[in-house]
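Using the sequences and the hints given, assemble the complete structure.
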Amino acid sequence: MPLFERDTEIYRDRDALREDYQPEELVGRDEELRTFQAALQPVINGEQPNNIFLYGKTGVGKTAASRYLLGHLREDASHYDDIHLTVVFLNCDGLTSSYQIATRLVNEFRSESNQISTTGYPLGSVYEMLWQELDDCGGTIIIVLDEIDHVNDDSILYQLPRARANGNLDAAKVGLIGISNDFSFRDDLSPKVKSSLCEQEIHFPAYNAKNLRAILEQRAKVAFREGVLSDEVIPLCAAYGAKDAGDARQSIDLLMKAGDLARDDDTDRIEEEHVKRGRRALERGRIKEGINGLTEHGHLVLYSLLTLELEDETPIRSRDVRPRYTRFTELANRDPLVPRRMRDHLSELAMLGIVSVTERNEGRRGGTYREYALDMDVGLIVSAMRDTIELVGVHETVEPFLDGEKTSTLDDFIEQ
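Residues 1 to 416 in UniProt numbering are what the sequence shown spells out, letter by letter.
Among the clues, some could well be false.
[Claimed, not checked] The list that follows gives simulated cross-link-like pairs (lysine to any residue, SDA-like), each with its CA atoms no further than 25 Å apart:
no., residue 1, residue 2
1, Lys243, Arg317
2, Lys194, Met351
3, Lys221, Gln200
4, Lys243, Pro339
5, Lys276, Ala242
6, Lys221, Arg6
[To be verified] Computed spacing ranges between beta-carbons, pair by pair:
no., residue 1, residue 2, range
7, Ser111, Glu199, 26 to 34 Å
8, Val394, Thr295, 39 to 47 Å
9, Glu24, Asp266, 48 to 56 Å
The hints are simulated quantities; they were obtained by calculation from the structure and are not laboratory data.
Ideal Cβ positions, reconstructed from N, Cα and C, are used throughout, including at glycine.
Okay, structure coming up:
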């Protein structure tokens, strides 16, 4: 008897639940797709493409919408003899400077035998090489920079959209699409970059439970065998996803985890119990991974917000978090970061889904600002931050959560 045998009871095509799967249609994003399609229309007209900025939380369809529409754009452009369209998709995760992005773009257009080093050139020289490669390619070039908020300087975000206007390009017409998970990223751009990059802005709001249910039903038809899902599974996965910041990726991951658990149990049905078990496992892993990946100052910012949450001081502005954060850095014998860098850590916590952000507008007198609050179970966060709590000292608000009888494992804090 073979040691490994193919499973036939649960899945028809499990890959339909993976992140790289591209469905034939995108559901739940009709308005955003219409706006995005209109912004891309100049390409088909043979005109200079728009620069487009997409923003919204993780898992709300920004990247999927870009791949979907750009795939159709490439196919439709191929029917016109006077349109030569090139699309370059670059994820900026791990790329922190304009220099790194520019060298990556140069190499995208070069053969493997003619690649340039990622170090050793003046930035101006790299830009000259990039303009040459773009003009040699010619036609219309759409450059997509996903997770653009990882870039610490905005030189490339100014240079690319204005390359033709500044006389750096003759043959190529370049359009830039920037995708960001960070709501504050746009506000931190310099005015000249903002006016160039943000010609067209499209906000992707969080999915609601109805949207998520439609997305899950679409994927489930491809992924699972008929009759495998009990009636409660998809509504429950959608409800959890809507509660978790409207993240479609988390809902799909939960559905796949429930399927995996059913397969491991050697059963031919996915039940509500599999969803609940899957949620506990994913929640534990996601939050632990997110918190463990923070820098030391990220932990200090989170500890500050945690204690303020337990004092019922949230939602709270970053300026009101700062005194607590400064005090904790002193107790940890560390130098506090400047206010902007501290706000960057709050934004990172929001991207991870650990913290929620609320936009406030008090008009001309009060201005616009953000308020922050925890968006995860307090006990789970405390359990994942024991090293930081030990470094700073136990704040009185967290003492009850360090009681061994109340919090002995991560599982104790995940909603049943």
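Taking the hints in turn, this is what the structure says about them:
1. Proposed proximity of Lys243 and Arg317 is supported: the alpha carbons are some 23 Å apart, at most 25 Å.
2. Taking the CA atoms of Lys194 and Met351, the gap is about 21 Å. The hint holds against a cut of 25 Å.
3. Distance check on the hinted pair: Lys221 and Gln200 sit about 35 Å apart at the alpha-carbon level, beyond 25 Å; violated.
4. A distance of roughly 30 Å separates the Cα atoms of Lys243 and Pro339; the hinted pair therefore is violated under the 25 Å criterion.
5. For the hint pairing Lys276 with Ala242, the CA-to-CA distance comes to about 15 Å; that is within 25 Å, so the pair holds.
6. Straight-line distance between C-alpha atoms of Lys221 and Arg6 comes to about 20 Å, which keeps the hinted pair within the 25 Å bound.
7. The beta-carbon spacing between Ser111 and Glu199, approximately 33 Å, falls within the hinted interval of 26 to 34 Å.
8. Range check, Val394 to Thr295: about 22 Å between beta-carbon atoms, so the 39 to 47 Å window is missed.
9. Distance hint for Glu24 and Asp266: a CB-CB separation of about 33 Å, inconsistent with the stated range 48 to 56 Å.
Of the numbered hints listed earlier, those contradicted by the structure are 3, 4, 8, 9.
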